[in-house]
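*Asks:* On the provided structure of chain S, position chain H as indicated by the hints.
Protein sequences appear in the order of chains S and H.
Just so you know, we're using numbering that gives the first Met the number 0 here: the first sequence kicks off at 0 and counts up by one.
Just so you know, we're using numbering that gives the first Met the number 0 here: the second sequence kicks off at 0 and counts up by one.
None of these hints come from the bench; they were simulated from the model.
If you're wondering where the values come from, they're calculated on a predicted model, not measured in any experiment.
Please note that a few of the clues may not be correct.
[What the hints assert, rightly or not] With the Cβ distance kept under 10 Å, some of the chain S side facing chain H (calculated, not the full set):
| no. | residue |
| --- | --- |
| 1 | Tyr78 |
| 2 | Lys82 |
| 3 | Val116 |
| 4 | Ala129 |
| 5 | Thr181 |
| 6 | Gly265 |
| 7 | Thr267 |
| 8 | Lys329 |
| 9 | Thr384 |
Just so you know, even glycine gets a beta-carbon here, dropped at the ideal spot from N, CA and C.
Protein chains: 2
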Amino acid sequence: MRIAVLGGDGFVGWPTALHLSDLGHEVHIIDNLSRRWIDTELGVQSLTPMDSIQERCRIWHQETGRRIHFHLLDLATEYERLKLWLGESRPDAVIHFAEQRAAPYSMKTDRHKVYTVNNNTNATHNLLAALVETGIDAHLVHLGTMGVYGYSTVGAPIPEGYLDVVIDTPNGPREQQILYPTRPGSVYHMTKSLDQILFQFYAQNDGLRITDLHQGIVWGTHTDQTRRHEQLINRFDYDGDYGTVLNRFLIQAAIDYPLTVHGTGGQTRAFIHIQDCVRCIELALSDAPKSGERVRIFNQMTETHRVRDLAEMVSGMTGAKIAWLPNPRKEADENDLIVTNDQFLSLGLQPITLAEGLLAEVVDVARKYAHRIDRSRVPAVSAWTKDLAQRVEHDPEGKRLRSVS
Amino acid sequence: MRIAVLGGDGFVGWPTALHLSDLGHEVHIIDNLSRRWIDTELGVQSLTPMDSIQERCRIWHQETGRRIHFHLLDLATEYERLKLWLGESRPDAVIHFAEQRAAPYSMKTDRHKVYTVNNNTNATHNLLAALVETGIDAHLVHLGTMGVYGYSTVGAPIPEGYLDVVIDTPNGPREQQILYPTRPGSVYHMTKSLDQILFQFYAQNDGLRITDLHQGIVWGTHTDQTRRHEQLINRFDYDGDYGTVLNRFLIQAAIDYPLTVHGTGGQTRAFIHIQDCVRCIELALSDAPKSGERVRIFNQMTETHRVRDLAEMVSGMTGAKIAWLPNPRKEADENDLIVTNDQFLSLGLQPITLAEGLLAEVVDVARKYAHRIDRSRVPAVSAWTKDLAQRVEHDPEGKRLRSVS
Numbered sequence: 000m001r002i003a004v005l006g007g008d009g010f011v012g013w014p015t016a017l018h019l020s021d022l023g024h025e026v027h028i029i030d031n032l033s034r035r036w037i038d039t040e041l042g043v044q045s046l047t048p049m050d051s052i053q054e055r056c057r058i059w060h061q062e063t064g065r066r067i068h069f070h071l072l073d074l075a076t077e078y079e080r081l082k083l084w085l086g087e088s089r090p091d092a093v094i095h096f097a098e099q100r101a102a103p104y105s106m107k108t109d110r111h112k113v114y115t116v117n118n119n120t121n122a123t124h125n126l127l128a129a130l131v132e133t134g135i136d137a138h139l140v141h142l143g144t145m146g147v148y149g150y151s152t153v154g155a156p157i158p159e160g161y162l163d164v165v166i167d168t169p170n171g172p173r174e175q176q177i178l179y180p181t182r183p184g185s186v187y188h189m190t191k192s193l194d195q196i197l198f199q200f201y202a203q204n205d206g207l208r209i210t211d212l213h214q215g216i217v218w219g220t221h222t223d224q225t226r227r228h229e230q231l232i233n234r235f236d237y238d239g240d241y242g243t244v245l246n247r248f249l250i251q252a253a254i255d256y257p258l259t260v261h262g263t264g265g266q267t268r269a270f271i272h273i274q275d276c277v278r279c280i281e282l283a284l285s286d287a288p289k290s291g292e293r294v295r296i297f298n299q300m301t302e303t304h305r306v307r308d309l310a311e312m313v314s315g316m317t318g319a320k321i322a323w324l325p326n327p328r329k330e331a332d333e334n335d336l337i338v339t340n341d342q343f344l345s346l347g348l349q350p351i352t353l354a355e356g357l358l359a360e361v362v363d364v365a366r367k368y369a370h371r372i373d374r375s376r377v378p379a380v381s382a383w384t385k386d387l388a389q390r391v392e393h394d395p396e397g398k399r400l401r402s403v404s
Numbered sequence: 000m001r002i003a004v005l006g007g008d009g010f011v012g013w014p015t016a017l018h019l020s021d022l023g024h025e026v027h028i029i030d031n032l033s034r035r036w037i038d039t040e041l042g043v044q045s046l047t048p049m050d051s052i053q054e055r056c057r058i059w060h061q062e063t064g065r066r067i068h069f070h071l072l073d074l075a076t077e078y079e080r081l082k083l084w085l086g087e088s089r090p091d092a093v094i095h096f097a098e099q100r101a102a103p104y105s106m107k108t109d110r111h112k113v114y115t116v117n118n119n120t121n122a123t124h125n126l127l128a129a130l131v132e133t134g135i136d137a138h139l140v141h142l143g144t145m146g147v148y149g150y151s152t153v154g155a156p157i158p159e160g161y162l163d164v165v166i167d168t169p170n171g172p173r174e175q176q177i178l179y180p181t182r183p184g185s186v187y188h189m190t191k192s193l194d195q196i197l198f199q200f201y202a203q204n205d206g207l208r209i210t211d212l213h214q215g216i217v218w219g220t221h222t223d224q225t226r227r228h229e230q231l232i233n234r235f236d237y238d239g240d241y242g243t244v245l246n247r248f249l250i251q252a253a254i255d256y257p258l259t260v261h262g263t264g265g266q267t268r269a270f271i272h273i274q275d276c277v278r279c280i281e282l283a284l285s286d287a288p289k290s291g292e293r294v295r296i297f298n299q300m301t302e303t304h305r306v307r308d309l310a311e312m313v314s315g316m317t318g319a320k321i322a323w324l325p326n327p328r329k330e331a332d333e334n335d336l337i338v339t340n341d342q343f344l345s346l347g348l349q350p351i352t353l354a355e356g357l358l359a360e361v362v363d364v365a366r367k368y369a370h371r372i373d374r375s376r377v378p379a380v381s382a383w384t385k386d387l388a389q390r391v392e393h394d395p396e397g398k399r400l401r402s403v404s
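For reference, chain S alone in the conformation it holds in the complex (with noise of 0.2 Å):
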C-alpha cells in the first residue's frame, strides 16, 4: 500500500512509519515539524539525541534499502498544498497523527490553547475536505485519545465509542446508537473531542472510511526498527509538558530525584508500549470499515494502573523515593478506569507489559542518557486553572513537596 503518515516525525508517527515501511508499504511522511519547534519554545530536548527527520530517513534506507519519503507541509494551514499532494500521490491509507498532543501544553496560556484548537481542528478538517475533493477512497486511521471521555464514563467501563440510548417519542421507546459522550478535562483532549464530530459527519455525509483510535498513554522507546540503528531512535519526553507520568518517573530514577506523585496519585491511566502500537496501527489498517459505515474505534491500550502503583513499580526497581505534590489539573483525585479492548485482542495483539519491559527502559534508556537530564524541566508546570495556577506559582519547582515517602 501507498501510506501517508500525518505527523511521521513525532512519538507515534516515527516508528509507526518505520514499522510500515519495514512491512514493504510505501511510506511518505508529511510533517510541519511543530513537535520540534516546540522543543525549542520551551527550551527542552528529547532525552534520546535526535536526528533531523530527513538524516533518519536517510540512515532508514542506508540500513534497509528501503525509502520513507519526507514531505514539509502543514495541514492545519497549506490546504490547497495538501490537496494537490494527495491528488498527485492518491495514497490508499492515510494515517493522522498530525496534531498538538500534549494537554499540560494545550493548558499552558490563552495563546497555547488558541494554537491547539486551530492547529488540531483545521488540520483535522483540512484532512477531511481534502479527501472529499480529490476523491480518494483512503482508509483514515487517526490518533485519538480515551481522554476524550473525562468526566463522562462516571466507573463505567470506557466503551469502544458507542452508546446504545432509549428515547422516547410519541411511538414508544426507540433505541439508538451514539457516540459515547465526552466531557473532556483538557483543550487537546477536547480538540478529540471535536475531532469524532468532524468523523462522524464525514463519514455520514461523504461515506470517509474512518478509524479512530482511542489510544492510553504510550510508554517504552524502542520498537524492532528504531533498535536497528542508534540514528533511528525515537524520542523520548521526559519535561513537564510533553512528558507522561511514567517517563517522569523514569527519569527522575535516573537522577536520584523523588517521583513526584500529584495528589493522591489515585487516578489510574491506560498504557500501552510503542511496539503494541504500533503493531495496532498495522491492525487496524487490515480492517478497514466499507464506506457507509460508522465510524470504527477502537481503544488502543493494554494495561490500566493507578500513578501511585506506577512510582511504586519504578520505585521498587530503582530505590528511588516517592514526594506527595499539589495536583495542578482539575480533575478527581481518585478514579477507577475499566477499559473495553477486545477489538484489538481479537485482531490478535499479544501485548508487552509493563511488568516486564519497564526494567529495560530504566537500564537501556533512561540511565544510558542520564547524562542529558535538565533537572530543572523534570516538574510538571502547566494549571488548569487561575486557581490552581497560584498554588503552582508559589511552588514552580515542587520543591515544597507535601511529603517523601
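*Replies:* Showing chain H alone in chain S's frame:
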C-alpha cells in the same frame, strides 16, 4: 448593562443591537463585516437596501439619541485585539452571533467548508479563551441551532439540550445527564455542534456562564426598532445560499415565479419571528446561569411547519403556483419535528405566529422591494455531495421542474 454584540451587523445581530440599545443598555457591535463580503463574493444583495454599519449607527443616534458603538474586529483571526478590547471594555454580557450561518454556503465548495470550520470554531474558541484570560465574568449568550441534532432525534421531541441516560457500571446502573447527542447534517450545523463541546469545557473548567440558544429559522424583517427609519431596515436574504425557505417563497410569489419545493416538501422546520428572536435574547440575558452551572440551552422557536404547508400558506395569500424540484440536501424526505420550548414560554414570551405576521412580509417587504429582485439568484445551488451536485448541475436554475401544481 454594557453588552458586546459580536456579529452585530448581521441579520439577527443588528435588530438585537437596536433592541438592547432601546432598552437602555450600552451596546458595542463587534463585527468583521464578513457577511457583506460574502454578498460581494456571491454577487447578491439584501432585498432591502442596507446602509453601512457606520451609517446605521449614525441614524440610530439621530433618531433616538442613543449611541451604538461599532468596532471592526475579526474574532477568528485577531485574538490579541479581541482580548485587548475585552480587557478594556469589560462587558457585562457578550452576545455571540459572529459565525458563518448558512448551511448551503458551508457546503458550496471545499474552500467554503474549510472557511466555515476555521472561522466558526476559532471565533467561538478565541472568545472563550479571551474571557478566561481577562477574567471577565460576562454572561455569554450564543446563537446555536436546533439543526445540531440532525439525524439523531429519530422522531423524538427536541429537548432543551440534555438527555438523561443510564450507564451500566460495576456498581449497578447509574443515571447521567449528557449533552443531547448531535448528528449534524451540514458543515455549518457541524460547527455549532463543535461549539457545544467548547462551551461544555469552558463552563466546566473555568466556570464561564453560558447560554446557548438553539434557534429555528428566523422569519420577518421588521422589529419595533428597525421600523423607526428606512435606513435602519434589516437585511432580507433571498438567494439560494442565505435565503431561508420562507424568504424564497415570498420572493418567488412577488415575481410570479412558482414556489420551489425541494423533494416532497415533507421536511418540518421550526420558525421564529425576528421580533420574538430579539425578545428571547433579552429574556435569556435576564436569566443568567451562575458560575459552575452547566451551559443553559434553550430552544428558540415558536412554531413548526412542513415546507409544503408553508408553500401552501404563501400560495394562498398570493396566488403563486408551487413547483416540485429534486432535493440538493442529503436529508430524509419527510421528517416530524416536535420541539420543546417551555423555557422561553415560562419566561413570558408571547409569540408572533406566521398566520398573523406573514401577510405583512408579503406586502411591506417582498412586494415593496420587488423591483430589486435578481431572478437568477432565487434557486438553491449548493449540493451536499458529489452525486447530488451532478443532479443539480444539469439543472442549475431549476428550469427542469419536476412538476408545477
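*Asks:* If a hint holds in the structure, say so; if it does not, say that too.
*Replies:* Status of the hints after comparison with the structure:
1. Tyr78: 5 Å, holds
2. Lys82: Holds: closest Cβ of chain H sits about 7 Å from Lys82 (chain S), inside 10 Å.
3. Val116: Check passed: Cβ of Val116 (chain S) comes within 5 Å of chain H, closer than 10 Å.
4. Ala129: This interface hint holds because 7 Å falls under the 10 Å limit.
5. Thr181: 7 Å, holds
6. Gly265: 17 Å, violated
7. Thr267: 13 Å, violated
8. Lys329: 6 Å, holds
9. Thr384: Where the cut-off is 10 Å and the nearest Cβ of chain H is about 6 Å from Thr384 (chain S), the hint holds.
Checked against the numbered hints above, the structure violates hints 6 and 7; every other hint is satisfied.
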